[in-house]
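Engineer: Position chains X, U, B and E against the provided structure of chain G, taking the given hints into account.
These protein sequence lines map, in sequence, to chains G, X, U, B and E. Per this note's numbering, the very first residue in the first sequence carries number 1; after that it's consecutive. Per this note's numbering, the very first residue in the second sequence carries number 1; after that it's consecutive. Per this note's numbering, the very first residue in the third sequence carries number 1; after that it's consecutive. Per this note's numbering, the very first residue in the fourth sequence carries number 1; after that it's consecutive. Per this note's numbering, the very first residue in the fifth sequence carries number 1; after that it's consecutive.
No lab work stands behind these hints: they were computed from the structure. Hints are supplied without guarantee of correctness; some may be wrong.
[Stated by the list, open to error] In silico DSS-like cross-links for lysine-lysine, where the CA-CA straight-line distance does not exceed 25 angstroms:
| hint | chain 1 | residue 1 | chain 2 | residue 2 |
| --- | --- | --- | --- | --- |
| 1 | B | K247 | U | K163 |
| 2 | E | K247 | E | K101 |
| 3 | E | K289 | X | K212 |
| 4 | X | K163 | U | K107 |
| 5 | X | K212 | E | K60 |
| 6 | U | K161 | X | K163 |
| 7 | E | K60 | E | K107 |
| 8 | E | K351 | B | K351 |
| 9 | B | K159 | U | K161 |
| 10 | B | K247 | B | K159 |
| 11 | E | K60 | E | K212 |
| 12 | G | K84 | E | K247 |
| 13 | X | K212 | U | K107 |
| 14 | E | K247 | G | K101 |
| 15 | U | K84 | U | K247 |
| 16 | B | K163 | E | K31 |
| 17 | U | K75 | X | K161 |
| 18 | E | K351 | G | K289 |
| 19 | X | K289 | U | K212 |
| 20 | G | K161 | G | K247 |
| 21 | U | K60 | U | K161 |
| 22 | E | K351 | X | K289 |
| 23 | E | K247 | E | K107 |
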Amino acid sequence: MRRFLKKQSVTAGLPPGSLVHIGEKRTTTPKLTLFQYDEESLHEEELKDISDLDLTKKKKMTRWINMDGVHDTAKVEELGNQIKLHPLTLEDIVNTDQRPKIEDYDKYLFIIIKMIYVDEHQQEITAEQISLVLFDSMVISFQEGEGDVFNTVRDRLRKGKGKIRKSGADYLLYALLDAIVDHYYVVLERVGTNLESLEDVVVHSPTPEILKEIYYLKQDLVVLRKSVWPLREVISGLQRLETPLIKDTTDIYLRDVYDHTIQTVDTIETYRDVTSGMMDIYLSSVSNKMNEVMKVLTIFASIFIPLTFIAGVYGMNFHLMPELEWTYGYPIILLIMGLVGGTMLLYFHRKGWL
Amino acid sequence: MRRFLKKQSVTAGLPPGSLVHIGEKRTTTPKLTLFQYDEESLHEEELKDISDLDLTKKKKMTRWINMDGVHDTAKVEELGNQIKLHPLTLEDIVNTDQRPKIEDYDKYLFIIIKMIYVDEHQQEITAEQISLVLFDSMVISFQEGEGDVFNTVRDRLRKGKGKIRKSGADYLLYALLDAIVDHYYVVLERVGTNLESLEDVVVHSPTPEILKEIYYLKQDLVVLRKSVWPLREVISGLQRLETPLIKDTTDIYLRDVYDHTIQTVDTIETYRDVTSGMMDIYLSSVSNKMNEVMKVLTIFASIFIPLTFIAGVYGMNFHLMPELEWTYGYPIILLIMGLVGGTMLLYFHRKGWL
Amino acid sequence: MRRFLKKQSVTAGLPPGSLVHIGEKRTTTPKLTLFQYDEESLHEEELKDISDLDLTKKKKMTRWINMDGVHDTAKVEELGNQIKLHPLTLEDIVNTDQRPKIEDYDKYLFIIIKMIYVDEHQQEITAEQISLVLFDSMVISFQEGEGDVFNTVRDRLRKGKGKIRKSGADYLLYALLDAIVDHYYVVLERVGTNLESLEDVVVHSPTPEILKEIYYLKQDLVVLRKSVWPLREVISGLQRLETPLIKDTTDIYLRDVYDHTIQTVDTIETYRDVTSGMMDIYLSSVSNKMNEVMKVLTIFASIFIPLTFIAGVYGMNFHLMPELEWTYGYPIILLIMGLVGGTMLLYFHRKGWL
Amino acid sequence: MRRFLKKQSVTAGLPPGSLVHIGEKRTTTPKLTLFQYDEESLHEEELKDISDLDLTKKKKMTRWINMDGVHDTAKVEELGNQIKLHPLTLEDIVNTDQRPKIEDYDKYLFIIIKMIYVDEHQQEITAEQISLVLFDSMVISFQEGEGDVFNTVRDRLRKGKGKIRKSGADYLLYALLDAIVDHYYVVLERVGTNLESLEDVVVHSPTPEILKEIYYLKQDLVVLRKSVWPLREVISGLQRLETPLIKDTTDIYLRDVYDHTIQTVDTIETYRDVTSGMMDIYLSSVSNKMNEVMKVLTIFASIFIPLTFIAGVYGMNFHLMPELEWTYGYPIILLIMGLVGGTMLLYFHRKGWL
Amino acid sequence: MRRFLKKQSVTAGLPPGSLVHIGEKRTTTPKLTLFQYDEESLHEEELKDISDLDLTKKKKMTRWINMDGVHDTAKVEELGNQIKLHPLTLEDIVNTDQRPKIEDYDKYLFIIIKMIYVDEHQQEITAEQISLVLFDSMVISFQEGEGDVFNTVRDRLRKGKGKIRKSGADYLLYALLDAIVDHYYVVLERVGTNLESLEDVVVHSPTPEILKEIYYLKQDLVVLRKSVWPLREVISGLQRLETPLIKDTTDIYLRDVYDHTIQTVDTIETYRDVTSGMMDIYLSSVSNKMNEVMKVLTIFASIFIPLTFIAGVYGMNFHLMPELEWTYGYPIILLIMGLVGGTMLLYFHRKGWL
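Just chain G, with the same shape it has in the complex (with noise of 0.2 angstroms):
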C-alpha cells in the first residue's frame, strides 16, 4: 500500500512557491531533451544545461521540452524561471502527490495527470505524476523519472507521420495527453486478464490465498479509480476552456480522449462490480464447504455414537444379563446394529446429505 501515503507532511506550514519535492527519492541526474519542429523539418537534442535553451531564435517552430526527474527542485526552478511559470505551478510540479487538475493561467494552460504504466521489473502497476505546460506554441513536459508512454509520439514526430507535424502545440499536447490515456487500457488489460483468471479460480477451486490476491485486485482498482475519475474532469475542463491556446480544430481531437476516460471510468466501475460479485462467491463457496465437512461429520457421528452405546451396554459386567447367555445373542445385536446403521442412513438420504 506504499502508494497511498506519500509525504506531504514535510511542506504543511511552508510559505506557497516553496519547492520541495514529494515523492520516492531519486538519484539520478535530470535529463533534458528538446524537440523543435515544422512541417518541413525536425531538431531533437539533449540539453546539457538548461541555459543552453534558446527560446528567442526559430520562432515559427513548435517546441517540445521534456523533463525527467522533478526529484531536482533546482533544476526545475531554473527552468521555471526562464519560461516564466508561476511559483505555484513550480511547487506542483515537484510536489508528485497532486490530484490531476487543470488550471488556466492566462499565458498558459498547466494540466496534472497520472501516467500509469506496469513496471515490468516489479511486475506491479506503478503511477507517475506528469505536468503539462502549453504555451503559444510550446510544451513543456515534467516527469518523475525516466521511462515514458511518448515513444510513440517521438516516432510519429521524427518521420512525420500523420497530421503531428503541420498542427501545433495544441495538437503535441492532444498526441500526450493520448498517448497516456491509450495506455490506461494496456493496464486495465492486464487487470482484466487477472480477473479473469482469478475468475476462474473462484468459481472452480476456490483456495483460501485467492482471497488475498482479490484483496490486492480491488485495491489497485481503488487505486486506478483515485487517478482516473479527477481525470475525466481534467479533459472536460480543457473540452470547455475558452482559451485560444487551442485551436478549434484540436477540439474534435480533445472529444475523443474525453470519450476514451469515460470508456475507461466505465471499466474501471465494471472491474469493481465484478470483484465484489467474486468476493460473493468466494464466501458462500467457503460456507458451501464448511457445510459438506459439517455433513461429513455429522453423518459419521449420528451413526457410530448409537452403535457404540449399544455396544457398550453389553460390555457391562451385570452378573446378570440374559441376552449374554442367548446362543444367537451376538449375531441378534450384529442385526440390530445393522438395522439402526440402516435407518440413519435413509434419513440422511431422504434429508438429501449424501
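Structural biologist: For chains X, U, B and E alone, kept in the frame of chain G given last:
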C-alpha cells in the same frame, strides 16, 4: 468474461484516424447492401464493389447503405472516403469496443450503439457494435458481422407499410434505433425468464450450483447495464441536438425511443435488485441448512455420549463394584439410561430443536 | 415474479403506432361510460357503441369518458380516431407495460400512471395501467379491466359535493390523479401492517419461513418503487407544464397531489430500510442460534468424552492393573470422575457458556 | 413500529379540503391560548371560545395564537374560517401524517414541521406535528396535544428578554422554529448517549440482546431521518422565499436555524454510520465466539477420541492378546496414551489454538 | 466516542446571541496576542487586557489578533463588542460544536473551520474549532485552547519570508487556512501508517483484537470526514464570494487550498474503501480458520469413531462370540481397523481436506 476484454492496447500511441480493427477476428468478406426508395418505388441491391455506389443519380430518393463486416478496414476506409467521413469517425467504426455515443460533424450525425441479441447457437447474450451515420438523405449502417435485428425494418420498406417510405432519412434512422432498442426487451425477457426459474429454485431447493448461475446472471446484468446506460444519454442527446438533419416531426418518435430506453434501464435496475435479494436468500438458506445439520449432530451426540459413559462405567473391571452383583442391577441401569435419554429429548423439545 | 415480465418482445420491429396489446389477456368486452356535467346537471350513460358518442352537442358541459378494457385494440383505435389521438398515444395506451409519463401533444395532455390496489381475491398487490387524456373540456381514461379506485370521484360527481361539478376538466383530472395516489396509501398501509407483524416474528421467534416472507415483501417494495418513482416526475412535470389546458387555480391542488407522492416515496424508502434491518436481525439471530447449539454440543461432548475415556481405561483387560484390586478403587475413580466433570462445568461457567 | 403507520387510507377519495383527523385519537378538549404583545406590553389569555378572538382591535400588536388538540376538526375549521385559511391548509393541519413542507398562500405562509421530544412517561422518542401559519402580524400554531417545547419562548415573551418583543411576527416564527430545531439536539444527545453505552457493550461484552437494541436504535434513526431531511428543504425554502411577510433582518436568523438543521442531518448520518459499524463488530464478535467454542470442542474431542480408542482396544475380550499378559503392559499403554495426548497438545499449540 | 457528543442541549430555547460555551470545560485564562505588521516592520505583543487593544493607531498596518480560550464568554463578548461582531457570530464562536461554514456579514467575513491534530499526550486525533474573522486589514482568530498549527505562519511573519508581510489581511487568512488544511495531511499520514500496519496484520495473522482496531479506525475516518466534507464547501464558497475583502491576486492561492481540500476528501474516501476491504478480508479469514478447525475435528472424529465402535463390539461380553477364540482374531481385527482408518484418510485426501 471474454466480453469484458477487447485488445484496445494495440492502438495505444497510434495517430488518430489509424484504422485498426478491434474485436473478434472474422474472416468473412464484408457485404454491402443498398436500399434506395421514395414513396412510389424501392430499389434493393447488393453491391459487389464500393465503386458501384453512385451517389449522384436519383437524388430525391432516400438511401440506406448497410455494411456487414467492419473488420475489413480497407473497405471501410474506401467507403468512408467516398462519402467523406472524418478519419476519427472511421477509427471509431472499426474499433468495435466503443462506448455508445453521438457526435455531430455538421455534415452528418454519427451514432455508435450496441445491438444486443441472444446468439441462438451459443445460447448466450451477444453485443455487437452498430455505427449509424445520418446524412441529409442517406443513412449508412456499419455492423460487425452478418445477422441483425433490422429485418422488420426491411420488410416495412419492401411492403411500404406505415410512414417509413413517405418519410426521410431521419425517420429511417429512428426506425433502426427503435428496432435495436426494441430488441433489448427480447433479451431482457430472456434474462427475466432465467430470473424467474432461478428464483423458484433458490426459494424452494437451493443447491451450490445455483450460486454460479446467479453469479453469471449478475455479470450479464453488469454488461447489459454498461451498454444501456450510455444509450440513454445518446438518445436524449439526439433529441436535444439542434440540427437540420432531424426534422421536427421526427422528434415525437425519438421521445418514444427515449421512453423505451428509460424503461430498459429501469428493468435492469429492478433485475439487479432482485438478483441481490436472491443472493441474500440463498446465503441465508445455506446458513439455515448448516443450522439444521448442527442440530441433528448435537441431538445425537448429546443424547448418546452420556449414555455411553454410563455403559462405560459398568464395563470397568474393578473387583469390588456392588451394583454388578445386584439381581436387578442391569434393568435398573437400563431404566436410568432411558430416563437420562428422555430428559435430554424433553430438553431439546423445549428448546424447539425437535 | 410474474409481474416483472410482460411480453414486450412481440412489438419489436413493428412500425410505430402499431396497436398491439401487451399484458394479461382478457376476454371481457370493453365497457364505455360517459359522464357529462355542469354545475346544474349531470348526465351519466353507458355507451353501447363508440359511434353513440356525440362530441358536438352540449358543448359547455364537461365530459369524462371512461373505457374499461384496452385489450380490444380495435375499439381503442376507433375511439382514438374519433377524438383524434396521435398513433403513438394509442400505441402507449394498449401497451400496458409503459413507464409512468406525461406528454404534451399541444391539443391534449397524455398521462400514463399505475393504479395500485390489493386484489381481494388473490390477496396480492396488483398494478393496472391507467392512461388519462386531458382535452379542453374532456377527460378520457383508459383502464385495463373493470374495477377501479374512482368510485369516490363518481359519487362526488353524482352528489355534486365539493368543487368538482363547478370546476372544469383539469379539476376532474386532478380528482382522478388524487384518487389514484390516495390509493397508494391503502396499499402501503397493508404493506406496513405486514411489516409490523413480520418484525414481531423476526425479533421474538424467527423461523426460516420468515425469510421468504421478507424476501417477497422486499420484491413487492421493488415493484412499488418502480411505479412510484416516475410518478413523482409525472406530477411535478404536470405542475411545471405551461399549458392552457390547466388553469392556475388547479395548481394548488396539483401541489397537494405532489406532496402525497413525495410522502409515498419516503414511506417506501423507509420500508426498504426497515426491511434491510429485519434481514440483518434475522441473519444474526440465525447465527446466535447456531452458536447456542454449538455451545450445548461442546459442553456435553467436552464433559463426557474425558469421563468416558477414564471408564475406558479401567475397562481394559490387562492382567496386572493394581487399581482394580483396591478395595476403594471404584469409589475413588467415581470421585475422580466427579471432580473432572465439576472442573469442566466450572470452566464453562467462567467462559460464560452456561 | 406503530409510528410508521397512520390511517391515511380513510381519506382516500374524499374531496380536497375534507377535514378528517389522522393520528392518535385524543379525547381532551382543545385548548386555545393567545399572546398579544408589543415592545411595551404583553397580554396573555386563554380563550374559552374561538368567537372570543377579536382580530380587529389592538392592530399594532403582534399576536400568537396557539391551539392544542387538532383532533377537534370542528374547532380547527371554526378558527380556520375566522382567519380565512384555505381548505387545503385546514386539511393538512388536521391530517397529522404530513411531510414537513412550506407553502406560500400569498396572504400567509403555511409551514408543517415535526416537533420531536422524549416522552418522559414512556421513555421513547415521540414526534408531534406542528403547523405554523404566519400572517403579517400574527402567528398561529397548531399542535396535536398539550405539552410542547415552546416554554422558553413564552418566558422570553413574558420577561421581554432579547429582541423578541421588539420584533414582529416573522421573528416570533423564527423563535418557534429555533425552539423546535434546538430540541432535536436534546433528542439526538439522548440517542448519542444510548449509542455510547451500546458501543461499550458491543466492543467489550456483546450479548444477543444487544442486537435488538441496535435494531431499535437504527429504526429510531430511520424515523428521525425521515423527519429531519425534509426540514432541511423547508428552512432553505423559507430563506429563499420572496415574500413581504419575512423581513430582511430576520434572514440572518433563519440562516442560523438552517445551519442547525444541517448539523442535525450530519449527526444523524454519522450515527447511522456508527450503528452500521457496531452491527459489523457485533456480528464478527459472534463469529469469533463461535470459533472459540469450536476450538474447545475440537481440542477435547481430538485428544480424547484416539485415547478412548486405545482403551477400547485393550478392553476387547480376545483370548489371545499377548500385551495383556505383559507385566508392564498397563504402564506401557498409559505411557503411550500420555505421548499421544502430548503430541496432540503440541500440534494444537503450534496451530495457535491454545 | 466522546467526540460525537457535545452538550448542545443547554442552549435549547435560549434567545439567539446567548453566549453559552459548548465544549470541554477549560480553566485556563484566555490568552490574547496581537501581530501588527507591514512590509517594513512587525510588532508582536501579548495583550493583558482587551481594552489595551487600540484599533485606531497605525492604520496602515495589517493586524492579526489571536485569542486562545473561547470558554471565557465574557472576554469573547468584550472583544466582540469592541470590533463590532454580530451577536450570532459571537454565539457561534463560543459554541464549539459548529459545522464548518462561511458567512458574509458585509463588514466582515466569518469562517468556522476545524483544526485537526494528533494530541501527543493522549495519542489520539483531536479536533478543535477555529473561528476566523476577516476585516479589511485585520484577521481575528479564536481558538479553544493553547497550542495550534500556526507556528510556521508566525515564523514567516517574524522572518518576513515570502509574500506574507507584503500582502494584506486576505493573504494572512489564506496562510492560516493553508496551515490548517496542510495539517490534515499530517493526520491522514498517521492514519495511513496505522492502516498499513493493520493491513499487514490482517492479511498475514488476523486476531480478534484487530477487529476493534479496524472499528476505531473506521470511526476516526467517520469523524474526519464529517470535518472535511463541509470544509470543501467553505473553501469553494470563499472562492466564489464576491467581496472586496478578498483581492483578486489571492484567488489563485485559495484555488490551491481548495485543491488540497479535495485531495484530503479523496484520501479519506480511499481510506474508507481500504478499511472496508480489510473488514471483508478479516471476516473471511475468520471463516477460513473456522473451516480449518472444523476439518481437523471432522477428520479425527470420523476416523476414530468407527474404530472405537469396532473395539466396542469385541469388548462385549456375549458368551458365544466365535471370533474371540480364533488364534489370529486379535491381529485380524487390528488389520481391519488399519484398513478402515486408511480408507478414511484416503477419502479425506481425495476431498482435499488433508
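Engineer: Confirm or reject each hint.
Structural biologist: Taking the hints in turn, this is what the structure says about them:
For the proposed pair B/K247 and U/K163, the alpha carbon gap of about 36 angstroms is over 25 angstroms, so the pair is violated. Between E/K247 and E/K101 the CA atoms are separated by roughly 20 angstroms; this keeps the pair inside 25 angstroms, and the hint holds. Our distance criterion of 25 angstroms between C-alpha atoms is met by E/K289 and X/K212, whose separation comes to about 24 angstroms. For the suggested pair X/K163 and U/K107, the alpha carbons sit about 22 angstroms apart, so the restraint of at most 25 angstroms is met.
For the hint pairing X/K212 with E/K60, the CA-to-CA distance comes to about 76 angstroms; that exceeds 25 angstroms, so the pair is violated. Distance restraint check for U/K161 and X/K163: the Cα-Cα separation of roughly 48 angstroms exceeds the 25 angstroms cut-off, and the hinted pair is therefore not satisfied. About 18 angstroms separates the Cα atoms of E/K60 and E/K107, which keeps this hinted pair within 25 angstroms; it holds. Straight-line distance between C-alpha atoms of E/K351 and B/K351 comes to about 22 angstroms, which keeps the hinted pair within the 25 angstroms bound.
A hinted pair counts as satisfied when its Cα atoms are at most 25 angstroms apart, and B/K159 with U/K161 does not qualify at roughly 50 angstroms. Restraint check for B/K247 and B/K159: satisfied, since their Cα atoms lie roughly 24 angstroms apart, inside the 25 angstroms limit. Between E/K60 and E/K212 the CA atoms are separated by roughly 56 angstroms; this puts the pair beyond 25 angstroms, and the hint is violated. Under the criterion of a C-alpha separation no larger than 25 angstroms, the hint pairing G/K84 with E/K247 is consistent with the structure, at around 23 angstroms.
About 54 angstroms separates the Cα atoms of X/K212 and U/K107, which puts this hinted pair outside 25 angstroms; it is violated. Among the hinted pairs, E/K247 with G/K101 is consistent with the structure: their alpha-carbon atoms are about 23 angstroms apart, no more than 25 angstroms. Pair hint U/K84 plus U/K247 holds up; C-alpha atoms about 23 angstroms apart against a cutoff of 25 angstroms. With a C-alpha separation of about 32 angstroms, the suggested pair B/K163 and E/K31 falls outside the 25 angstroms cut-off, and the hint is violated.
For the hint linking U/K75 to X/K161, the alpha-carbon distance of about 22 angstroms falls within 25 angstroms, and the restraint holds. Proximity of E/K351 to G/K289 is assessed by CA-CA distance (about 10 angstroms); at most 25 angstroms being required, the pair is judged to hold. Distance hint between X/K289 and U/K212 is fulfilled; the C-alpha atoms sit about 15 angstroms from each other, no more than 25 angstroms. About 21 angstroms separates the Cα atoms of G/K161 and G/K247, which keeps this hinted pair within 25 angstroms; it holds.
For the hint pairing U/K60 with U/K161, the CA-to-CA distance comes to about 20 angstroms; that is within 25 angstroms, so the pair holds. Between E/K351 and X/K289, the direct Cα distance comes to roughly 21 angstroms. Compliance with the 25 angstroms bound is thereby established for this hinted pair. With a CA separation close to 15 angstroms, the supplied pair E/K247 and E/K107 stays within the 25 angstroms bound.
The structure does not agree with the numbered hints 1, 5, 6, 9, 11, 13 and 16 stated previously, though it agrees with the rest.
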